[in-house]
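Chains as they are written, first to last, in the numbering used here: chain A, 1 to 304; chain B, 1 to 304; chain C, 1 to 304.
There could be a bad hint or two in this list.
Intra- or inter-copy, both count: the list cannot distinguish identical chains.
[Said to hold, decoys possible] Straight-line alpha carbon distances no greater than 27 angstroms define the calculated BS3-like cross-link-like pairs of lysine-lysine that follow:
(1) Lys301 - Lys56
(2) Lys297 - Lys63
(3) Lys103 - Lys244
(4) Lys277 - Lys86
(5) Lys26 - Lys297
(6) Lys161 - Lys32
(7) Lys63 - Lys86
(8) Lys63 - Lys278
(9) Lys86 - Lys278
(10) Lys283 - Lys94
Think of the hints as simulated: they come from the structure by calculation, not from any bench.
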Amino acid sequence: MIIKRRSTMLYRDQNIILGCMRIADKPIEEVKDLIQTALDLGINFFDHANIYGQGKSEKVFAKAIDELGIDRSSIIIQSKCGIDAKTGTYNFSKTHIIEETTKILERLNTDYIDILLLHRPDALMDFREVNEAFHYLFDKGMVKAFGLSNQSSTQMEMMQKYIDFPLRFNQVQFSLMHSQLIDAGLQYNMGTFHSQDFLLEYARTNQIQLQAWSPFFSGFFEDIFIDNPKFPEVNEKLDELALKYDVSKEAISVAWILRHPVNFQVVVGTTRSDRLKKIAQAKHIQLSHQDWYDLYKASGKILP
Amino acid sequence: MIIKRRSTMLYRDQNIILGCMRIADKPIEEVKDLIQTALDLGINFFDHANIYGQGKSEKVFAKAIDELGIDRSSIIIQSKCGIDAKTGTYNFSKTHIIEETTKILERLNTDYIDILLLHRPDALMDFREVNEAFHYLFDKGMVKAFGLSNQSSTQMEMMQKYIDFPLRFNQVQFSLMHSQLIDAGLQYNMGTFHSQDFLLEYARTNQIQLQAWSPFFSGFFEDIFIDNPKFPEVNEKLDELALKYDVSKEAISVAWILRHPVNFQVVVGTTRSDRLKKIAQAKHIQLSHQDWYDLYKASGKILP
Amino acid sequence: MIIKRRSTMLYRDQNIILGCMRIADKPIEEVKDLIQTALDLGINFFDHANIYGQGKSEKVFAKAIDELGIDRSSIIIQSKCGIDAKTGTYNFSKTHIIEETTKILERLNTDYIDILLLHRPDALMDFREVNEAFHYLFDKGMVKAFGLSNQSSTQMEMMQKYIDFPLRFNQVQFSLMHSQLIDAGLQYNMGTFHSQDFLLEYARTNQIQLQAWSPFFSGFFEDIFIDNPKFPEVNEKLDELALKYDVSKEAISVAWILRHPVNFQVVVGTTRSDRLKKIAQAKHIQLSHQDWYDLYKASGKILP
Chain A
1 MIIKRRSTML YRDQNIILGC MRIADKPIEE VKDLIQTALD LGINFFDHAN
51 IYGQGKSEKV FAKAIDELGI DRSSIIIQSK CGIDAKTGTY NFSKTHIIEE
101 TTKILERLNT DYIDILLLHR PDALMDFREV NEAFHYLFDK GMVKAFGLSN
151 QSSTQMEMMQ KYIDFPLRFN QVQFSLMHSQ LIDAGLQYNM GTFHSQDFLL
201 EYARTNQIQL QAWSPFFSGF FEDIFIDNPK FPEVNEKLDE LALKYDVSKE
251 AISVAWILRH PVNFQVVVGT TRSDRLKKIA QAKHIQLSHQ DWYDLYKASG
301 KILP
Chain B
1 MIIKRRSTML YRDQNIILGC MRIADKPIEE VKDLIQTALD LGINFFDHAN
51 IYGQGKSEKV FAKAIDELGI DRSSIIIQSK CGIDAKTGTY NFSKTHIIEE
101 TTKILERLNT DYIDILLLHR PDALMDFREV NEAFHYLFDK GMVKAFGLSN
151 QSSTQMEMMQ KYIDFPLRFN QVQFSLMHSQ LIDAGLQYNM GTFHSQDFLL
201 EYARTNQIQL QAWSPFFSGF FEDIFIDNPK FPEVNEKLDE LALKYDVSKE
251 AISVAWILRH PVNFQVVVGT TRSDRLKKIA QAKHIQLSHQ DWYDLYKASG
301 KILP
Chain C
1 MIIKRRSTML YRDQNIILGC MRIADKPIEE VKDLIQTALD LGINFFDHAN
51 IYGQGKSEKV FAKAIDELGI DRSSIIIQSK CGIDAKTGTY NFSKTHIIEE
101 TTKILERLNT DYIDILLLHR PDALMDFREV NEAFHYLFDK GMVKAFGLSN
151 QSSTQMEMMQ KYIDFPLRFN QVQFSLMHSQ LIDAGLQYNM GTFHSQDFLL
201 EYARTNQIQL QAWSPFFSGF FEDIFIDNPK FPEVNEKLDE LALKYDVSKE
251 AISVAWILRH PVNFQVVVGT TRSDRLKKIA QAKHIQLSHQ DWYDLYKASG
301 KILP
């Protein structure tokens, strides 16, 4: 209980996170360039998961950090476990969480990670096992803070009731075109649109730090929408706003997410430093209220 | 906090509200007749919004009230802002709320409105701005009470957490044929029907006063169902019950809403005094339990 | 209030309940054999409803219990009212609840039932009437505990707020193939699957005892899935696991429900003692984490 009340760093100043999912097979020099570029841009929050590149992403990252001579304490490292790729299940057992986190630290070549997220909810989770795993990892200094991913507000409430540590992070898919979490509020009670819960409102009410994964996807692991001829209207508006704000279309797309007062942290998964620079332009602009709504409507949604 | 606990008048005795959306272009004599008829029927609650007739509805209403010599304190006036028709956005900024409410009072030619509803949720709302606007309007005596419209229970909870005033009103679309808010409870867990939340249950649990707009619409801004050949079954049942209760079919349709123990206030938007009289017959009947269910089923829904 | 805090027996050791819906027209000897078999298997929890066989199921059950000479105190009897078959409505009026429960006791030839469930939610329910009915039935010793059926978490919360007795039971349809209550959590925010609420999570958070009806149905009152050629994949996996655990496919299907940590009680409605024996094998096995997920996926759902 004392632990639960302990405040958790939310790193609110870090609104862009470098997602390291796809660096596994990149040449080390490219990865070093990417990381150095991120740091130069003020991005020092890095997102991993034990399954990215089957663990190789974390290894490559560690090598790059080492070769760049970056001080561990100057960066924030987040990783995830809970999806068991070998068995095709979600697994929140004590053994699995501890073993996987131990391997994460080995691969990352670090004594601790700042945040451990449980990747997707194990329907069979035993709260005592999760709790014991977290106590173990926290007491050993292996994990500084815990969070969730791809979970609804009710699932968050359930876990928080039984887990002794604050669960203040939730990483969910969210983009201009995969925006059900916003649509739920704007298109309420119309009889056409249905959503599972109101996570954005819940997060604002309960000080949950949301993170948005796949900010450029048009749907659940579907095509990127930027410069995609399937989506002419949204691209036309993105072009217009890119010109207006003098930034890239990627930056506009991220700025659209950042403009929401829930204060998302956006996980960007590019492996190219030039693209990262273009995306990071989002940090320096704020879309106007009008532009935010125009972009929302251009993405194919209606305002009733 | 002291303010938040202050009790709010809910005007529970006023179960029919005259909606003034469509009076903008009516001759003043017709509007006067309509208002006088409402008052004669015991209806002294009037619903407006800044966007109805682009403001003209409020002006015409004020003129009629003035010419009729009606005492301001004898009627309840509600209006709404938050939909910015000019920009096609929803806007809960402090400036917008204060400016629009100021214009509402000017057009209505009154010192205050009894209730101000925020029309549709601005996804980008800043609670401090809403709160400051409300304090300003309340302290100046311009608004007596505040409420919401077209918002889910989670959205209501979020706003109530941050706003210092009670938010006890929520005006949502609801009719015999746009009845998802009831269907949600009756058709739970069937795998076919899906709803966003359980607003009726939330309202009963938390003493929220719901208001039903478009009580005769068959869907979101779709055809009126009464005497509509597209809906023979419900009209047959309405005919039967109109005969049985010796009232109009409109009255039966409204009585169906009023019969629900959540105690809706029904906003009726007719501009014809003869039709208003027919509708207001609903105040004097109570559908039997059996008739309520039969009508629900005749409207095309099943009971599992 | 004192009453509300009184603890309610949840009979957690009884994870299989014999559902008596279809015994109405069975020969008394068959019913006696069925009940004796249940007791021999450690199943002494029996589920009824006033509408099963139009009351005849309860009568046949009472006759069998009497002829078998079974001590009333050695068994748990649950029944339900609230669906008014005569009028085709749901009815939670005080009169209806008391009258129907009185008739239930007469038919069951017993002084009390252990649990009374309200069968489906009456949209028009008046909490005072329900409360008064419950006080009457409790004070007369006619009902030991109360619960609900086919209700969402929000509906449960609403009723619990106004009813003086703990409402800790909720009987809902749930099976390997009618599994929206699990899908909701596993397929959150994908834009494809939608659910009304998160009842399993709510139940775990609030110590609600869920009961699963129709554990072999493929949908809302749709075909049984076991040995159904329409569902080859799930049957193939059931065959495999039946072999592995050396039990029937029915037992595997029930074990799949029992494996969930919400700790369902499964209502099985077979009228054949041989089939009951096969089903009850579920009590003696526990599916592995892997098998549970494999079966879930074989039933046609995806893990994102």
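Structure-inconsistent hints, enumerated in ascending order: When the structure is compared with the hints, numbers 1, 2, 3, 4, 5, 6 and 9 turn out to be violated.
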